[in-house]
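K.L.:
Chains as they are written, first to last, in the numbering used here: chain A, 1 to 435; chain B, 1001 to 1276.
FYI, nobody ran anything at the bench for these hints, they're computed from the structure. Hints should not be assumed to be uniformly reliable.
[Said to hold, decoys possible] Derived pair list, reagent style DSSO-like, types lysine-lysine, alpha-carbon separation capped at 30 Å:
(1) 182/A to 29/A
(2) 1219/B to 182/A
(3) 1238/B to 264/A
(4) 182/A to 1186/B
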Amino acid sequence: MNLHSIGISHHTAALEVRERMWLSDDEIKATLPRLKEQQHLAECVLVSTCNRTELYGVAGGDAVDEAALKRFLIDAKGANSSVSADHFVAAHAGGAIAHLFRVAAGVESMVIGDVQILGQIKEGFNLAKESGTMGPVMNRLMQSTLHVGKRVRTETSICEGAVSVSYAAVELASKIYADLAKKSVLLIGAGETGELTLRHLVGRGIGQVKVANRTRERAEALVAAMGGTVIDYEEIVDALRSVDIVVTSVTSPSYIVQPEEVQKVMRQRSNNPLFIIDIGLPRNVNPAAGRIENVFLYDIDALSTIVDRNLDRRRGEIPKVTRIIREELISFFRWQNALEVGPTIQEFRESLEAIRSQEVMRNVNRFKPEDRELLELVTRRIVNKILHGPTTVLKQGTESHGYSAEVLNRVKALRELFGISRNGEGGHEKGGHED
Amino acid sequence: MNLQPVVLFLLILVPVMYAGLTTVYGLSFFGDYPRLARIKTPALLVTVTLHCVYLIVRTFAFDHPPITSVFEIMTVLAASIAIGYTYIELRTRASATGFFILFLAFAFQTASSVFIRPRFDIPEYLHSIVLGFHVSAALLGYTAISLSAAYGFLYLMLYHEIKSSRFGLIYNRLPNLEMLETMSHKAEVFGFVALGVAIVIGVIWLPRVFHDFSYWDPKLVGTLVIWCLYALALGAKKRLGWQGRKTMIITLVAFCFVFLSMTVINLSLSGFHSFH
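All chains should be modelled from the sequences, with the hints used to inform the complete structure.
P.N.:
Here you go:
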């Protein structure tokens, strides 16, 4: 199989280079048929995300000019001035498939275990389907890739655990509270990380949102976008009585919440747990408040600890992912071998049968009429016995270990030794020219 | 039909099954064994079923339910804990707490299997239906209290881990604090009510059956102390608005008394309640 991949990613190119090679859905649909036609590809798929643009193609002829493919993609985007062929990496056959599997598993992602990539790959295959550039190999490759993605997500923890500070805060909240829909959050200050944390909490269905900001208009704009109510900045300590989660990210030279105030509030709220996420720099809440019972106070360092630990855990899952990829590669090669072996055996049989029938026909008059039936029988038996050995070895190769290289080498050797061409006609012709 | 060889076989098999089950739950909590995780629930169901079979066969083999001695009661208690946990696991689909709870069942069952002795001289009062209610209520109460303590213990571990920003294994595997607190609280309320029923039945029925009945019977006093402790914990929760760590500590202290009552009082201090 002549499968090739070429691609540009965050491993090989900076963002300003990658963004020049990014292809929209419409661009992909326009490029794929041209690629197929001009670069002689039998099948091709393009995957383009903010971190990578990759082409997977099956050669129509015997060889693919990878340099030409790179030039084609650069020209298609008109990016000659900023992108060079050196920004691309290429792989072929098993290497290309393994690479796609690794991408689908999230191992190659910028944030290891990225969950979005599988959907983006699926979208790439769908666009190829719409463009008419899919074929049997790509269809099977799509199934295997999606299967890898699914297995990796169910059998390993590579996608688990928050890997951003804002999401780590939400993860922590769900370790304290059972149902966020019944809880309320107060956002103090409308900074970027605070807003992102609030967005995640809203995404997880937080029950009630309150926002306080020195500039009321900014708070109102945020509430208009995400729902909730605005409270006066001066009322924040009072508001602590009724909320469950506090996200604070204001720029203030001194603490805006003191332990005595929290202590008083905790009595008023019947000691209900209070989760405070302090992402202000310098910190907004006096750390001594964290010592009060049922008060869970975390600053950016504590949240970063969660992120680092989760990233370590994800990295620790890579061996398991590699094992899954290896298994799926074997399965893919087994399918590929079957694809090669079946027709080869058939063509081998046809080739020998052609020689036999030709020779029988040529010499049939040398035999008495009553012996001709026997001649037919004996020559057929000879052919079957010759066929038996190679056929058994090839079939065993695909059924047992599925080790592709070995089986493919046997197929190749058989084809060469007996002159069986790709379209199965060589053997016949060769037979015809004997003696 | 002589069922005693079957009883003996199950007497050995059931604690072995609990040991295996606790190991499976422990390994899948502390380690990373996806295959073990898949067999957890089936193994739990098999063990609980075998335990129930053991209790039924034992009842027929000795012609009385296994409630006539502390070690007989322990095996029923182990079964109740396991059944209670099975219900929770099937209901919530959360199996992370299994190791800690099934370890209790394993401990009670092992103690029972090692020390249990067959009894044939069963006094008439042990066949009474009222006694059945009394013992069932007490067992339900103790089971619920054991579960409450187990969840309380897990709550404290997770609380400590979150508070100290350690975010280790406990943080990863256990359900959230609120859920643990709710489970512990619900089990505690159930246990408190069931134990109350057992005490009321006992106080009304026991003086009529036992001529040597005394209100100073160690087991009765022990149970009353436990009941009062739980009343205190629940009252503090209701009246003083105590939540979380403080109430969990009281729950665990109360459970220590339960354990004391089950072991020291039952084995060392004899009274009319001992039935030996």
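K.L.:
Compare the structure with each hint and give your call.
P.N.:
Going through the hints against the structure:
At roughly 46 Å between alpha-carbon atoms, residue 182/A and residue 29/A are farther apart than 30 Å, so this suggested pair is violated. Under the criterion of a C-alpha separation no larger than 30 Å, the hint pairing residue 1219/B with residue 182/A is inconsistent with the structure, at around 44 Å. Under the criterion of a C-alpha separation no larger than 30 Å, the hint pairing residue 1238/B with residue 264/A is consistent with the structure, at around 20 Å. Restraint check: the Cα-Cα separation between residue 182/A and residue 1186/B comes to about 19 Å, which is no more than 30 Å; the hinted pair holds.
Hint compliance for this structure: hints 1 and 2 are broken, all remaining hints hold.
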